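Peer 1: These are the residues of each chain, in order.
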Amino acid sequence: MKKTTYLLMAVISALFVLSWILKAGSLSGETDNYVIQGFLITFSAFLTLSVLSFLYADNPLYKFAEHLFVGVSAAFWMCMGFWTTIVQNLIPRLSDGLSSFFEVPPQPGDYNFFFFIPVILGILLLMRLSPKGGWISRWPLAFIIGTTAGLNFVRYLRSDFIKQISNTFVPLLGTEWQGIGHFFSNLDLSASGQLVTMAANWVIFLGVFCGLIYFYFSKEHKGAFGAASKVGIWVLMLTFGASFGYTVMGRISLLVGRITFLFRDWLEIIS
Amino acid sequence: MVYKLTLTLLTFLLIAPVVSAQETVAASVEATVGDPPMIDSSLIPAPPSDIKAVDTDNDHGHSITVTWELSADDGSGMNNVLSYEVFRWVPFLMDELDTLRVELARVAAEIDSVGRLTGELKDERAVIWAAIDDMADQMPEAHRMYPEGGEWRLLGKVASGVATYDDTGGKDRKVSDFIPDFSDLYFRVEAVTSDSAIRAASGVAGPVQSYGQWFNTGRTPVFIAFMFFGIMTVFFVIKARRGAELYVRPLAGIEAVDDAIGRATEMGRPILYVLGLGTAADVATIASFTILGRVAKRVAEYQTELIVPTYDPIVMSVAQEVVKSSFSDAGRPEDYNEDIVYFVTQLQFAYVAAVNGTMLRELPATNVYMGKFFAESLLLAETGALAGSIQIAGTDEIAQIPFFIVACDFTLIGEELYAASAYLGREPVLLGSLKAQDYAKAAMILLAIVGVVAAQFEWNWFIELFHVVD
Numbered sequence: 424m425k426k427t428t429y430l431l432m433a434v435i436s437a438l439f440v441l442s443w444i445l446k447a448g449s450l451s452g453e454t455d456n457y458v459i460q461g462f463l464i465t466f467s468a469f470l471t472l473s474v475l476s477f478l479y480a481d482n483p484l485y486k487f488a489e490h491l492f493v494g495v496s497a498a499f500w501m502c503m504g505f506w507t508t509i510v511q512n513l514i515p516r517l518s519d520g521l522s523s524f525f526e527v528p529p530q531p532g533d534y535n536f537f538f539f540i541p542v543i544l545g546i547l548l549l550m551r552l553s554p555k556g557g558w559i560s561r562w563p564l565a566f567i568i569g570t571t572a573g574l575n576f577v578r579y580l581r582s583d584f585i586k587q588i589s590n591t592f593v594p595l596l597g598t599e600w601q602g603i604g605h606f607f608s609n610l611d612l613s614a615s616g617q618l619v620t621m622a623a624n625w626v627i628f629l630g631v632f633c634g635l636i637y638f639y640f641s642k643e644h645k646g647a648f649g650a651a652s653k654v655g656i657w658v659l660m661l662t663f664g665a666s667f668g669y670t671v672m673g674r675i676s677l678l679v680g681r682i683t684f685l686f687r688d689w690l691e692i693i694s
Numbered sequence: 411m412v413y414k415l416t417l418t419l420l421t422f423l424l425i426a427p428v429v430s431a432q433e434t435v436a437a438s439v440e441a442t443v444g445d446p447p448m449i450d451s452s453l454i455p456a457p458p459s460d461i462k463a464v465d466t467d468n469d470h471g472h473s474i475t476v477t478w479e480l481s482a483d484d485g486s487g488m489n490n491v492l493s494y495e496v497f498r499w500v501p502f503l504m505d506e507l508d509t510l511r512v513e514l515a516r517v518a519a520e521i522d523s524v525g526r527l528t529g530e531l532k533d534e535r536a537v538i539w540a541a542i543d544d545m546a547d548q549m550p551e552a553h554r555m556y557p558e559g560g561e562w563r564l565l566g567k568v569a570s571g572v573a574t575y576d577d578t579g580g581k582d583r584k585v586s587d588f589i590p591d592f593s594d595l596y597f598r599v600e601a602v603t604s605d606s607a608i609r610a611a612s613g614v615a616g617p618v619q620s621y622g623q624w625f626n627t628g629r630t631p632v633f634i635a636f637m638f639f640g641i642m643t644v645f646f647v648i649k650a651r652r653g654a655e656l657y658v659r660p661l662a663g664i665e666a667v668d669d670a671i672g673r674a675t676e677m678g679r680p681i682l683y684v685l686g687l688g689t690a691a692d693v694a695t696i697a698s699f700t701i702l703g704r705v706a707k708r709v710a711e712y713q714t715e716l717i718v719p720t721y722d723p724i725v726m727s728v729a730q731e732v733v734k735s736s737f738s739d740a741g742r743p744e745d746y747n748e749d750i751v752y753f754v755t756q757l758q759f760a761y762v763a764a765v766n767g768t769m770l771r772e773l774p775a776t777n778v779y780m781g782k783f784f785a786e787s788l789l790l791a792e793t794g795a796l797a798g799s800i801q802i803a804g805t806d807e808i809a810q811i812p813f814f815i816v817a818c819d820f821t822l823i824g825e826e827l828y829a830a831s832a833y834l835g836r837e838p839v840l841l842g843s844l845k846a847q848d849y850a851k852a853a854m855i856l857l858a859i860v861g862v863v864a865a866q867f868e869w870n871w872f873i874e875l876f877h878v879v880d
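Residue numbers (our numbering), protein chains in the order written: chain A, 424 to 694; chain B, 411 to 880.
A couple of the hints might just be wrong.
[As the list claims (entries may be wrong)] The calculated label-pair distances, taken between Cβ atoms and stated as ranges, are:
| hint | chain 1 | residue 1 | chain 2 | residue 2 | range |
| --- | --- | --- | --- | --- | --- |
| 1 | B | Asn870 | A | Thr683 | 51 to 57 Å |
| 2 | A | Leu491 | B | Pro723 | 18 to 24 Å |
| 3 | A | Leu470 | B | Thr627 | 35 to 41 Å |
| 4 | A | Leu574 | B | Phe759 | 39 to 45 Å |
| 5 | A | Thr507 | B | Glu513 | 25 to 31 Å |
| 6 | B | Asp460 | A | Gly602 | 41 to 47 Å |
| 7 | B | Phe759 | A | Phe505 | 52 to 58 Å |
Honestly, the hints are just simulated from the structure, not real lab data.
Computed from a predicted model, the values in this text were never measured in an experiment.
Beta carbons: idealized from backbone N, C-alpha and C, even for Gly.
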């Protein structure tokens, strides 16, 4: 590393310690473990700034935050997976002896032969660690993918196919159509009026119609088919635009939350 | 109307708490608390009539639907019926079952407090379970003893104007609302006025038995769609296997994949392939495996570097198999190493931090994002754009597609991702499935056209054909 890097690290370390001391001091009248609390808040702010430093360029501080985050999360989820899934959920349903060993209450009413199936599949999955028996691990993979895809198939048929069709069944002229003369003589521009209802129904119908044509892959998009497809992609883009704006607003609120932490909890500039 | 609502409110506030589930009910009229009040018989409403109890359709059993004709004084006549109370005849054996449940809970609490199963507790628990099993065997017989050895118990109440009640219970005999299947059950309904002492009882409906159905008729449309789609898929798969040329229109995003791999080779930089946050069973991830296979094959042919960081251990295992097979297919199995596909972490933003770091350190020439993505989509795509990589994305997560569109060079929108896997793979199974999907879409368009006509002319029978019970 360059000399300037060492210098920079020393300055950051000094600032960190200074912040810790000041924070602990400001918390001393509020809590008993103010030293630890001061450290945690300072460390949180340090990690936040380290991650934000990525906006400038990749740097050792970002690398540190990244590796810490990845390492802690990987270890955390592994422990969670073992203790909550295997120890708390599986073992009590398999054996009294193992339950006693792990000191978890057994659940004899839930004893079921079928709980041995995931155990066997899990062991088969680990066979990929064996140089010669690695092919066996393909069986549980096939089972997992096949069964879940099959279950999802029925769910998607219901939610994405049948319900999509039935939701498109809208009266294009509204439910109170009494002829064109009546429509114009009683023209209502309110949100619940017949004109707006009709327009909304046409948008739903044409949006679905043209959207489906855009996603029709067996025919080249030319002529009238191509025109309908273009309308379809416009409908999609308009939808995406609305979705984009909506989600960005949510992200801004996350940023506000983080800035609030820095300025209120750490620096105490705002109340 | 206001008067009636006020009366209803008063009844529920003052009288309802007094009525408990353990209450025994006399045949026609009786008081619930205190001394029997003087009742003006002219205020007794007409009883509910034509009570029927049938097994609830399309369920797993343990449920009975009770229906009746409204009292003549509900909405007309004296118009003094405020609610209906539904009763089931319950043998005292069920009380013993309740006692055993309490005992079982006590033993479980003791095991919890001890932290392990001692021999004594194990024996005690076994005895209770044996008793519960024994009791379950006796239930049909106990119910057959009606009207001896049991009593009428309140199940619940419905407001006036309502003439149906579902007595739905659990199927596990450990739960307190357990209703035994294949046991004779008896029901009756009482019309209740603002004065809960003034009520009129229906006749008894029963015996009726609950049982589960094998086929949920409320989901017949799903079954028909399943059959239609299945038959179409099999038909087109067979057709493709026989060598028929099945046309799939070119997709810009996929056409760009080969160019992007060539670019990476020329620049001597790696290709980063991100499978997203989906599990191995998600359709988008499955489609992504096929595209990964194609990319890995080209990478092996051009001897370019490939990096595949994964979020899910199972996805990692499958991806390793896919890449390994592709290297073998390309005739370069010796170039494959296990580190091409690696596991990062199962925490969303930690995964993003790691992949972003990889992008800036390895500077891949091409980033491919195919699969299921969530809030990380823009973070990944934006960093990739900053690093100057060519980016190709595809996902079926509608909320994330806009982010890929703005930050990537090519984006496969929704179903294009599935089509891409068929287009690249050219396998009969995938092509057949894609063709079946196209025909399903054509059917959808036709049905939508007929549907709007049906909605306009109020052909409700047609609209009802597509009603699916959840």
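Peer 1: With reference to the structure, classify each hint as holding or not holding.
Peer 2: Results for each hint:
1. B:Asn870 with A:Thr683: 51 to 57 Å: About 54 Å separates the Cβ atoms of B:Asn870 and A:Thr683, which means 51 to 57 Å holds.
2. A:Leu491 with B:Pro723: 18 to 24 Å: holds, 21 Å
3. A:Leu470 with B:Thr627: 35 to 41 Å: violated, 57 Å
4. A:Leu574 with B:Phe759: 39 to 45 Å: violated, 29 Å
5. A:Thr507 with B:Glu513: 25 to 31 Å: Given a distance of about 29 Å, which is inside 25 to 31 Å, the answer is holds.
6. B:Asp460 with A:Gly602: 41 to 47 Å: holds, 45 Å
7. B:Phe759 with A:Phe505: 52 to 58 Å: violated, 23 Å
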